[in-house]
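Protein chains: 8
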Amino acid sequence: MKEDVTRLLEGVRDGSVSVEDALHQLKTKPFHDLGYAKIDTHRALRQGVGEVIYGAGKSAEQITGIMSAMLSEGQTRILITRIPLEKAQEIQKLHEITYYPEARMGILGGMPEVSGKGTIVVATGGTSDVPVAEEAALTAQFLGNDVKRLYDVGVAGLHRTLAHLDDIVDANVIIAIAGMEGALASVLGGLAECPVIAVPTSVGYGASFGGISALLSMLNSCASGISVVNIDNGFGAAYQASLINHR
Amino acid sequence: MKEDVTRLLEGVRDGSVSVEDALHQLKTKPFHDLGYAKIDTHRALRQGVGEVIYGAGKSAEQITGIMSAMLSEGQTRILITRIPLEKAQEIQKLHEITYYPEARMGILGGMPEVSGKGTIVVATGGTSDVPVAEEAALTAQFLGNDVKRLYDVGVAGLHRTLAHLDDIVDANVIIAIAGMEGALASVLGGLAECPVIAVPTSVGYGASFGGISALLSMLNSCASGISVVNIDNGFGAAYQASLINHR
Amino acid sequence: MKEDVTRLLEGVRDGSVSVEDALHQLKTKPFHDLGYAKIDTHRALRQGVGEVIYGAGKSAEQITGIMSAMLSEGQTRILITRIPLEKAQEIQKLHEITYYPEARMGILGGMPEVSGKGTIVVATGGTSDVPVAEEAALTAQFLGNDVKRLYDVGVAGLHRTLAHLDDIVDANVIIAIAGMEGALASVLGGLAECPVIAVPTSVGYGASFGGISALLSMLNSCASGISVVNIDNGFGAAYQASLINHR
Amino acid sequence: MKEDVTRLLEGVRDGSVSVEDALHQLKTKPFHDLGYAKIDTHRALRQGVGEVIYGAGKSAEQITGIMSAMLSEGQTRILITRIPLEKAQEIQKLHEITYYPEARMGILGGMPEVSGKGTIVVATGGTSDVPVAEEAALTAQFLGNDVKRLYDVGVAGLHRTLAHLDDIVDANVIIAIAGMEGALASVLGGLAECPVIAVPTSVGYGASFGGISALLSMLNSCASGISVVNIDNGFGAAYQASLINHR
Amino acid sequence: MKEDVTRLLEGVRDGSVSVEDALHQLKTKPFHDLGYAKIDTHRALRQGVGEVIYGAGKSAEQITGIMSAMLSEGQTRILITRIPLEKAQEIQKLHEITYYPEARMGILGGMPEVSGKGTIVVATGGTSDVPVAEEAALTAQFLGNDVKRLYDVGVAGLHRTLAHLDDIVDANVIIAIAGMEGALASVLGGLAECPVIAVPTSVGYGASFGGISALLSMLNSCASGISVVNIDNGFGAAYQASLINHR
Amino acid sequence: MKEDVTRLLEGVRDGSVSVEDALHQLKTKPFHDLGYAKIDTHRALRQGVGEVIYGAGKSAEQITGIMSAMLSEGQTRILITRIPLEKAQEIQKLHEITYYPEARMGILGGMPEVSGKGTIVVATGGTSDVPVAEEAALTAQFLGNDVKRLYDVGVAGLHRTLAHLDDIVDANVIIAIAGMEGALASVLGGLAECPVIAVPTSVGYGASFGGISALLSMLNSCASGISVVNIDNGFGAAYQASLINHR
Amino acid sequence: MKEDVTRLLEGVRDGSVSVEDALHQLKTKPFHDLGYAKIDTHRALRQGVGEVIYGAGKSAEQITGIMSAMLSEGQTRILITRIPLEKAQEIQKLHEITYYPEARMGILGGMPEVSGKGTIVVATGGTSDVPVAEEAALTAQFLGNDVKRLYDVGVAGLHRTLAHLDDIVDANVIIAIAGMEGALASVLGGLAECPVIAVPTSVGYGASFGGISALLSMLNSCASGISVVNIDNGFGAAYQASLINHR
Amino acid sequence: MKEDVTRLLEGVRDGSVSVEDALHQLKTKPFHDLGYAKIDTHRALRQGVGEVIYGAGKSAEQITGIMSAMLSEGQTRILITRIPLEKAQEIQKLHEITYYPEARMGILGGMPEVSGKGTIVVATGGTSDVPVAEEAALTAQFLGNDVKRLYDVGVAGLHRTLAHLDDIVDANVIIAIAGMEGALASVLGGLAECPVIAVPTSVGYGASFGGISALLSMLNSCASGISVVNIDNGFGAAYQASLINHR
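Chains as they are written, first to last, in the numbering used here: chain S, 1 to 247; chain Z, 1 to 247; chain L, 1 to 247; chain D, 1 to 247; chain U, 1 to 247; chain W, 1 to 247; chain X, 1 to 247; chain V, 1 to 247.
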């Protein structure tokens, strides 16, 4: 954005851009306005990644509209998160997407080459955490990362965790996904030498309070090198993990 | 209590107890009334343990009054919990108690013989949890148990935990004390084969919310065989552990 | 687990186990990996109990897969918790389980001989708490305990509670199950001389907040010898009660 | 208030009161304006009770100013709640009040004759609840009621509660005061045949959360005939109990 | 209950009751045990009111079973709360009850004569609070009280409240029912000279948090003479109001 | 209302109104009583706006009844909020209303002339906030205001926000609508020179807690000139914005 | 800010400003950087008001440093909020400020002429709310508004509220300040015809939870035209009220 | 840790290590046991960083004891967090540490060479957030990173934020520190192309609830690439930022 402003100012000085035009460009250029959504058409270039549509709270019509606008701007790979099967089927009538039911994601244009430096380990405490883990794993792959899945390695059966010590120590980033007491993040944080991004899940009942228990547990981890994202936010964890893996 | 009623009824049938007296006894017998407190003078016999005074919210005068009443009823060992040094010093003017500053407890009459079957392990996640742990350990000893202290064995340094695998596996009951994320209970619960009583502590800051984080974490533990007591309630954990250890 | 490590090390010294193999065994041996789940195939032997599958959040396919793996490892009795009727019927197509609709549990291989020392009393405050109570009672039976059910003995009708004074005093462990104000645990804790495990239930409305009211009430009980498990966690209470009853 | 409006309207019709005056009276008559407080000088007559000053958040100057205004309007008995000793001593320089340190209340003009129909029982779960109980008991006496104090009758020692069955059954209103798990209200509510007003107290630690635990417990009581006032609100409970006792 | 014990003891003394029988009677007499429920068959006599069945969480079978037991004990009027239409229709196959859909209550045996001293006013803040108000009003009538309904008199339109000043001032007890900000209780409490029982309702959205907002507002009322029951607990408010109205 | 009282009092003085009639008028005049609702028939005149019916929690019958009463009093424009399509269709059988599905509102009598001074900007953080925004925008138009919609201008894409700097600076009132982190209000509050009314929305998942996150964020805004309404309360924001725009 | 950008761009086009300079100005001009604070030196001109320093969390040194920078930029009137007496006295050693102890504010340069259109009414429910009210009233005066104070007009004594009907109806904006149940805002919102800004206060105890009760009550008000600011935020309410009063 | 096990096993195979010794080493080697603390003496080597002591909840004696043990193991640089001035002065009697009062940290052995790849930007919303920011900045420097401080760049004055666009875009990691509404993280997350670690602070009052408001806001950020640490946890943010900056 900074460069855009510089270039615009240079144009004004050269006389190649009028003041009115410059003001107008500042206001209208960087996105495509659909009324219900402003599409950031420069972001893919600027940030070097495919574009993502957060599907929750958007109708199939709105999503396909946004996709069409993106495609018309030259975007070739699109990730759509948090869409149920029915909505995906609606979208598939217009655009060719692969739908991943467990992760509730759709992908247009397939997975890219691996561009990240190391491996992103995606670990879960239990079987019920797998949907969130798949959202994270597929997002990380979509963003060009090598991914290693370690599912059901919760600390109540510590030998299951320790059996994967190799993968844990070799990881470049770890995404630790757990509901209930969320202790997985602390144990992995103590064993690993890389950043750990913790994802609390809404799995559980009673005093798990829809993920609050795991969230608080992870925020209070005694292990260093852990940060936390929103409950069930597999996408967000993978996005940051990818940024780290591309440093 | 049941036996008391039976005996009373037999007295009434025999004519040795009048109906009025029986009613009167039911109402006045089982405790000593000091106005501000009713002292349960039969409980020591009935439950086979020394008597305990919960010191918080009671003045030194009230505590010494209760102690005097207990002593006059034949009690020989008394435990007083949650009293600061100054209150203990006030009490020491009248009654000979040993004061434990870290646990903030006073004990009259010393520790009894060990009567419990096995060892009660008292483990903490960190150094800051030690005051609660000492409250638990001393209470357990006061109630006739062999106690093994394992302090600062939190799971963020897993090798510290695993180094005590012997003690953990050999325990008859474990008291797992931790603040912050409270993951110690889950890991011990997964390793041990005995009941684990978890004590969340108010140690921590920010999103530990005075122990809520650890409390929720422990209530949601994926490991089986864990139950939980109130935040910082070392006494309560030790009391139940002793009951279990005397089964 | 400790013994396994010792034995493995001895094998390495003897030359009967190579270093590579030892490392490999440490990582792969103790469980059966189904991808979505790691099955702890040694636990039944190690802990002397039948195996349990936590059914919530697992599909019928995943559950039957886990059961098959367990059976192939020699397991003969399996308990599956928190499965609705439909899922149970799916499972019954492959495995012969008895389904208990009120407790929402399935059991393969029937109940074992009683091996516990005394009686586990399962008491509820009201009629609406019975499903959680049945989860507890059946689990306790599955784990080899003699169980006595006392339902609808809430303290708002104190004579109903007191009428069972015999059972309360004779119990080796009590599981006190109540929603709303959860006062049952305190009253039983005051009357009994054995450990009481309290289970808050999500029964109630308004300010019961899905069991929070009962949970807090039980954590704050003035009676000694009480610990608490998660809301509606009849299984967890019974598991710990059984550990205590087998001391 | 209704009567005042009627009388004013009649005066307007009679011509004895001008419209302007009527409007003026409606606005200025019913209280005495001190700038920082409006004193309701007719309330004592209208509601037949002495006047009360809520002392918290008011300076000694403000309190004595309000008292002077009340006395000048003919008030003879005044109750001041929630004032620490120092503030009471400041007030005593100007007005002759008796100070009750445990209840932190001051009373000018002494206690009235008993005018209520029956006895108000003030019961507490423990010794630490006594300050709130004294606020309730003294308020009830100030409002003309016969009061019976039953302190430290908590349900964890049920025989202490049952020993006072006479007083409980004979009460016209019961004020049940308890912190921690607040179970006293439910047990008394089940035994008594009169209205029970429950007062949660902030006594306790950890998961008592400053009285929230007791508050929720009391709001969820399974016993009928119970209502609840704010945490530590001994005054409010006594005020309503007095209204009931004067029906 | 006290009298029962006295009488029993007298029987023991006379020899007309053996000790074993006395113990047995203490344990089995006062209720009818259906396994899933203990029915208090003496309560109607003891407390002078018809019997109530809390319908939530009970099946139609359980309810009809309880009703049959009550009828066989001589009960003639029964109130069943919180049953949806379908459950009521199931019950109507066996027992003749009148169903009130708005209040979701069923009544067997009709309304009794008015036995209460004065009028119970049932007031609501809005139209959406009417279902809770009807639960209260019908319960009060079932317990023998004269009831006056004042619906939609919320304080945001103060003239609607003031228009009923007569009814408010003449009431013997007021039940103030409101959701959202719950200010109705404070305003009525300031105008009335009788006890006000406040019922928060779960009506509202957003920051009303299912009635918490109204509950807190009512607990914190500045007006004296107000106590509060659980969210949506029209029954409980009416039960206590009836006790007060029968003093 | 003040004027009404003055006029009534003058009538009483003149003898043109009897005291009884005056009292009667005070009580019965200002609204139309339907039993379940009191309709304020003078408010439109008094406050100069069309009348509004809060549709949630009211049946179609109740709504049409209220509408009929309003129409019979001369009301010509009516707004009904929070009604689903089905309820709107029921109402349309009796009254001619235009239904706005996204906003879930119905309007009878169409939009009025613009009477407000400036423009009310309605801005949203994302696409999912649009339903609340439409409730606000349509309400503002119904109350006579010029409205400018700026949707999907959230601060995570700051250039989208800044592109509308003109509209933001020129606004007379801004309604800032956002879920999740609610940062839009702070950024607009920092840029604008007019009052900003913030509306948190329940959009989001996990730790958004149904809008609590956005609500707290907006209440804590560091920018001056911001106030907040209830979660999802587009109507309330627009109502106040219109009051401000008509100053 | 928009104008600055336009002017800057025009300068670039004219050649009177180089591109480098323009970028530099965009980055460095609009504030004065003290390291620990960036002072917005153009804001007074831009927004036409005196400058405000939020004093909480700033040392006396930091505050005087900021004041000196402001004075050197030509600012003549400065308001400092939330400073205790001691900090004010420190500041007074360097700068001549008037300190208002109840409001805990300091003002340099005195109050300006009244520039607002109408009157801002500042009303409180009780005497304890006065400090917050004074913060609001003095801020409003500092921003050029005519202020009318109505203190202790809470709705539990409704005649006190109604006595000021004139002031309420004549106000151009009302700031309604109340703790505890916060009902004042709803009643004023129902009576007034102007915008009401509600300020919950942390006054109260127990279930007032430091102002949460009043905050929720105000957010849920049934009266239209009300918005809410943070707990105890008298300044924020007055700032917005002034913006409205200067429309 | 993995390597240690491998090496140990090889020793056992070679006969150079006995099985008993191997077991013993596994248990006792990796830390130094002080009773109240287990010091991880291999960690500095293993993880390549200086050692950190979390000072809160530890006495000066405990801290100096731990430091002595570390120094005896060859550690040369030690960071001690969260110690007040007095405790630092106690420590300085034994060990030569530099104390940073704003950050409340002590450092022994000085800062290391910069070893991280890029710049870590530490940004705060306001002046009051500086103490947490200094904890983060000094920690990052202690761990070998180049740090750029941007203080008081909160989004309510957006030009202050934008003026540092250069630093924001050039950062390798950003630590965004803010209390109150926490919007800084979202805005920086939208502008930056690197990972953003958000630190909520407990700065604020009222509905900021000790940092909960900022915490929730940051967890719900719409910007991608953001993760969050505990309230006021400047250390934890810097630790993870350093891990990322050393990838």
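In short, the hints are calculated from the structure, not lab data.
Ideal Cβ placement from N, Cα and C applies to all residues, glycine included.
Wrong hints could be hidden among the right ones.
[As the list claims (entries may be wrong)] Partial list, derived from the structure: chain V residues whose beta carbon lies under 10 Å from chain X:
hint: 1; residue: 54
hint: 2; residue: 57
hint: 3; residue: 59
hint: 4; residue: 95
hint: 5; residue: 99
hint: 6; residue: 100
hint: 7; residue: 128
hint: 8; residue: 129
hint: 9; residue: 130
hint: 10; residue: 144
hint: 11; residue: 148
hint: 12; residue: 157
hint: 13; residue: 207
hint: 14; residue: 247
Comparing the hints with the structure gives:
1. 54: violated (24 Å)
2. 57: With a closest approach of 25 Å, the residue 57 of chain V hint is violated.
3. 59: violated (29 Å)
4. 95: With a closest approach of 29 Å, the residue 95 of chain V hint is violated.
5. 99: violated (18 Å)
6. 100: violated (15 Å)
7. 128: holds (3 Å)
8. 129: holds (8 Å)
9. 130: With a minimum Cβ separation of about 6 Å from chain X (threshold 10 Å), the hint on residue 130 of chain V holds.
10. 144: violated (25 Å)
11. 148: This interface hint is violated because 13 Å lies over the 10 Å limit.
12. 157: holds (6 Å)
13. 207: Constraint on residue 207 of chain V satisfied, holds at 5 Å.
14. 247: Violated, because the Cβ-Cβ distance from residue 247 of chain V to chain X comes to roughly 30 Å (cut-off 10 Å).
Checked against the numbered hints given earlier, the structure breaks hints 1, 2, 3, 4, 5, 6, 10, 11 and 14 and satisfies all the rest.
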